[in-house]
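Taken in order, these protein sequences are the chains called A and B.
Position 114 (the first sequence) corresponds to 113 in numbering that gives the first Met the number 0; numbering is contiguous.
Position 21 (the second sequence) corresponds to 20 in numbering that gives the first Met the number 0; numbering is contiguous.
Do not take every clue at face value.
Stated by the list, open to error - To give an idea of the interface, some chain B residues facing chain A are shown, with a C-beta separation under 7 Å as derived from the structure:
hint, residue
1, 20
2, 67
3, 71
4, 81
5, 135
As the list claims (entries may be wrong) - Quick list of in silico lysine to aspartate or glutamate cross-link-like pairs, DMTMM-like style, CA-CA up to 20 Å:
hint, chain 1, residue 1, chain 2, residue 2
6, B, 139, A, 162
7, A, 135, B, 41
8, B, 111, B, 12
9, B, 139, A, 120
10, B, 139, A, 30
11, A, 22, A, 120
12, B, 139, A, 158
13, B, 76, B, 54
14, A, 135, A, 154
15, B, 90, A, 172
16, A, 171, A, 158
17, A, 78, B, 135
18, A, 135, B, 38
19, B, 139, A, 154
20, A, 135, B, 8
21, B, 90, B, 123
22, A, 16, A, 132
23, B, 139, A, 141
24, B, 76, A, 147
No wet-lab data here; the hints were simulated from the structure.
None of the values given here were measured: they were computed from a predicted structure.
We treat Cβ as the ideally placed atom computed from N, Cα and C, and that holds for glycine.
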Amino acid sequence: MIISIGCDHIVPDIKMKISAYLKSKGHTVIDNGTYDFVRTHYPIFGKKAAEKVASKEADLGVILCGTGVGISSSANKVKGIRAALVRDVSTAKYAKEYLNANVIAVGGRITGIGLIENIIDAFLDAKYIKTPENEKIIKKIDSLIVNDKEQFGNEHFFDEFIEKWDKGGYPKE
Amino acid sequence: MKILIGSDDNGFELKEYLKKYIERQGHEVIDKTPSRGLDFVDSTHLVASGILNKEADRGIVIDEYGAGSFMVASKHKGITCAEVSDEHSSKMTRSHNNANIIAIGSGIVGRKLAEGIVDAYINEEYAGGRHQIRVDMLNKML
Chain A
0 MIISIGCDHI
10 VPDIKMKISA
20 YLKSKGHTVI
30 DNGTYDFVRT
40 HYPIFGKKAA
50 EKVASKEADL
60 GVILCGTGVG
70 ISSSANKVKG
80 IRAALVRDVS
90 TAKYAKEYLN
100 ANVIAVGGRI
110 TGIGLIENII
120 DAFLDAKYIK
130 TPENEKIIKK
140 IDSLIVNDKE
150 QFGNEHFFDE
160 FIEKWDKGGY
170 PKE
Chain B
0 MKILIGSDDN
10 GFELKEYLKK
20 YIERQGHEVI
30 DKTPSRGLDF
40 VDSTHLVASG
50 ILNKEADRGI
60 VIDEYGAGSF
70 MVASKHKGIT
80 CAEVSDEHSS
90 KMTRSHNNAN
100 IIAIGSGIVG
110 RKLAEGIVDA
120 YINEEYAGGR
130 HQIRVDMLNK
140 ML
């Protein structure tokens with residue numbers, strides 16, 4: 000499978016372990032960054048990693064930040080993405096089987112690498128169970144975001160905030 | 000503090016339990032799903048809309064795994080939801096993400112852990128500062 004991955008500056012080392020793990024299982028990895036510990040902002044990478052999945056360039060996504068909340072929230076705000084943020088294997092499996100989740104998120108400062116690998120295995124191995132009930136609820140979830148014209152694939156979507164940050168418009172602490 | 004709460008059928012019992020628990024801590028709870036029969040899309044939509052209408056300070060949504068409610072809440076512009084099953088994430092997401100809703104899975108999280116998650120979420124304040132740029136980014140998203 001082709002797996003789109005992304006993280007913030009808190010956990011790039013763990014993302015690299017995940018990347019190596021996925022490759023060792025024979026998957027192709029698209030790494031959307033960030034690539035080091037230099038301070039940056041999780042929505043940039045959550046959006047980028049998720050859009051690769053929404054556009055079908057990748058089959059599934061694996062994303063992480065400190066708690067996983069920031070990056071998975073930004074992923075879910077991409078049309079067509081159903082991201083689950085998990086700390087256990089059961090939820091990962093459920094999310095794929097019942098909600099056909101296409102992105103899995105973990106907290107790099109919450110969950111250890113052993114469990115993260117187990118979660119990824121379960122998520123990748125689980126098969127969506129197509130039933131009228133599941134189809135109905137997925138359709139309801141997907142219909143919540145309608146028009147994403149200005150957002151999708153727009154690399155300049157966050158520019159106004161980055162410019163403000165660069166000009167010292169946000170506190171550094 | 001005012002808390003909105005809501006659940007689907009699977010989360011109903013934990014919702015009833017947490018409602019009483021939060022009230023005992025001295026907070027006001029508004030139950031958006033007083034009767035059974037909703038799926039997690041509809042129950043979460045009620046809570047998310049209530050938060051966006053400024054009916055309360057924070058929201059809690061519950062279904063069996065938490066994952067479905069999390070997806071639904073996140074797809075409301077202006078909502079930052081955290082799917083949590085541990086106290087530390089619950090505290091940090093208030094502090095760093097300014098999360099206005101948390102999602103809990105009643106099949107995953109037991110009552111005592113749920114109490115700890117709710118306490119951590121309610122008692123923590125948003126830190127602001129450098130975190131604001133990320134919150135601004137999230138709020139611009141759909």
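How the hints compare with the structure:
1. 20: violated (22 Å)
2. 67: holds (6 Å)
3. 71: holds (6 Å)
4. 81: With a minimum Cβ separation of about 4 Å from chain A (threshold 7 Å), the hint on residue 81/B holds.
5. 135: holds (5 Å)
6. 139/B - 162/A: Roughly 15 Å separates the two Cα atoms, so the pair holds.
7. 135/A - 41/B: holds (13 Å)
8. 111/B - 12/B: holds (14 Å)
9. 139/B - 120/A: violated (33 Å)
10. 139/B - 30/A: The given pair, whose Cα atoms are some 24 Å apart, is violated under the 20 Å limit.
11. 22/A - 120/A: Answer holds: residue 22/A to residue 120/A is near 13 Å, not above 20 Å.
12. 139/B - 158/A: At roughly 11 Å apart (the allowed maximum being 20 Å), residue 158/A and residue 139/B satisfy the hint.
13. 76/B - 54/B: holds (16 Å)
14. 135/A - 154/A: violated (33 Å)
15. 90/B - 172/A: holds (18 Å)
16. 171/A - 158/A: holds (18 Å)
17. 78/A - 135/B: The hint holds at about 19 Å.
18. 135/A - 38/B: Between residue 135/A and residue 38/B the Cα gap is close to 11 Å, so the pair holds against 20 Å.
19. 139/B - 154/A: holds (14 Å)
20. 135/A - 8/B: holds (17 Å)
21. 90/B - 123/B: holds (6 Å)
22. 16/A - 132/A: violated (37 Å)
23. 139/B - 141/A: It holds: about 19 Å lies between the C-alpha atoms, which stays within 20 Å.
24. 76/B - 147/A: holds (12 Å)
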